[in-house]
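Student: The listed protein sequences correspond, in order, to chains A and B.
First residue of the first sequence? That's 26 in this note's numbering, and the numbers climb one at a time after it.
First residue of the second sequence? That's 26 in this note's numbering, and the numbers climb one at a time after it.
FYI, nobody ran anything at the bench for these hints, they're computed from the structure.
Do not take every clue at face value.
Since copy identity is lost for identical chains, a pair holds within one copy or between any two.
Distance condition first, Cα-Cα at most 20 Å in a straight line; then the derived SDA-like pairs of lysine to any residue [to be verified]:
1. 84 <-> 59
2. 106 <-> 68
3. 84 <-> 94
4. 84 <-> 206
5. 27 <-> 97
6. 84 <-> 101
7. 84 <-> 62
8. 84 <-> 100
9. 84 <-> 61
10. 84 <-> 222
11. 27 <-> 63
12. 197 <-> 110
13. 106 <-> 163
14. 106 <-> 243
15. 197 <-> 223
16. 106 <-> 223
Protein chains: 2
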Amino acid sequence: MKGCVVLLSGGLDSATTLAVARRDGFAPHALTVAYGQRHAVEVRAAERVAASLGVVEHKVLHLDLTAFGGSALTDAIEVPKDRDDEAMAAEIPVTYVPARNTVFLSLALAYAEARGLRDLFVGVNAVDYSGYPDCRPEFLEAFERLANVATKAGVLGESFRVHAPLVHLPKKEIIRLGLSLGVDYSLTHSCYDPDERGRPCRRCDSCLIRLRAFEELGMADPALADG
Amino acid sequence: MKGCVVLLSGGLDSATTLAVARRDGFAPHALTVAYGQRHAVEVRAAERVAASLGVVEHKVLHLDLTAFGGSALTDAIEVPKDRDDEAMAAEIPVTYVPARNTVFLSLALAYAEARGLRDLFVGVNAVDYSGYPDCRPEFLEAFERLANVATKAGVLGESFRVHAPLVHLPKKEIIRLGLSLGVDYSLTHSCYDPDERGRPCRRCDSCLIRLRAFEELGMADPALADG
Chain A
26 MKGCVVLLSG GLDSATTLAV ARRDGFAPHA LTVAYGQRHA VEVRAAERVA
76 ASLGVVEHKV LHLDLTAFGG SALTDAIEVP KDRDDEAMAA EIPVTYVPAR
126 NTVFLSLALA YAEARGLRDL FVGVNAVDYS GYPDCRPEFL EAFERLANVA
176 TKAGVLGESF RVHAPLVHLP KKEIIRLGLS LGVDYSLTHS CYDPDERGRP
226 CRRCDSCLIR LRAFEELGMA DPALADG
Chain B
26 MKGCVVLLSG GLDSATTLAV ARRDGFAPHA LTVAYGQRHA VEVRAAERVA
76 ASLGVVEHKV LHLDLTAFGG SALTDAIEVP KDRDDEAMAA EIPVTYVPAR
126 NTVFLSLALA YAEARGLRDL FVGVNAVDYS GYPDCRPEFL EAFERLANVA
176 TKAGVLGESF RVHAPLVHLP KKEIIRLGLS LGVDYSLTHS CYDPDERGRP
226 CRRCDSCLIR LRAFEELGMA DPALADG
């Protein structure tokens, strides 16, 4: 069985990506970064998801991106609430964390190369997403190109591949796919601004996109159940 | 004055790079990564160098790359000693840390974007170096391309630039340049395998390359003075 590294945040998309990697016959090594995010509770969700779906190894790296700040997720900036589609589409939101996915994929690359693995899985999504530049296919292509000149393995001709199986799927289809693969979405956490007990706000972009997708499927979101 | 981010390891090359950034009129923000390196003593050298040359801000980030291992600098692998030119040139050495400069440049990019800066300085060198893939111009070009699709600033048309002023210089010329800019090399640390008191081994590739360059200049290496 071929190994791979899966970036696992603990959210809906990365949980589904882990299930896809398994479906595709990979033995997944999961990597979670505790980066000082406002919603640090997602790290515990990542641990639950990894245990539930099964991984070869789960690494949780600590990296304090609040030292840089510049995002509502890592700084004293308010998380936008109750935004409609138009507002969400208007601009890259303040929840964008500078170069976050570049840092995360770099760490996944380091992990993969150290373990002799060549396949990286990341749950980015360019359809029902939040306008983040580092969730687009052109970003993934540029990273793959970089990986192959940056590493010993790449120089020796063993290509790295970045898999983003959700990149072109609407959120509804991601959930449908995950359910068919046995993902338990009650274990996941997506909210950017949970309360002190870790409960989702149901009003940030991340909650709203997810709530609507479950609604479109005629289901209640098992992680965002009312009251 | 335009700001920039300088990756500062505490070694000879990064100290020189910081001096070049200042010479070129930049107000430098220094970034050091304490990554669990065998020669963690270099982090203190980075602090001395930053204080000596002057920076706007110096961030030291902690990131435990020993969780991945796979290098003589982050794992229980012996650092090669007493290698001649032929041995050094024969292959990428075990002191290569998987994807390290990709991770470091990604962090520099995150720092720069969070501070509204667009210029990154890195002291990589492709002449008297150790055969690392992530010290070559093609790596730097691929990273620059990535930076401009990965970030909000890039998408908005504000290009990032990766400066590697030493990339084509032999070590001797790097030292000559640094001396002309007032770099105090006694403050720097390059050795991969210092003893428990932080004293350089004088036998690893990094020590040997540096010792020879000073010798070629008819000088004693101020950081590697004989016992």
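Student: Of the numbered hints stated earlier in the document, which are not met by this structure?
Tutor: 2, 4, 5, 10, 11, 13, 14, 15
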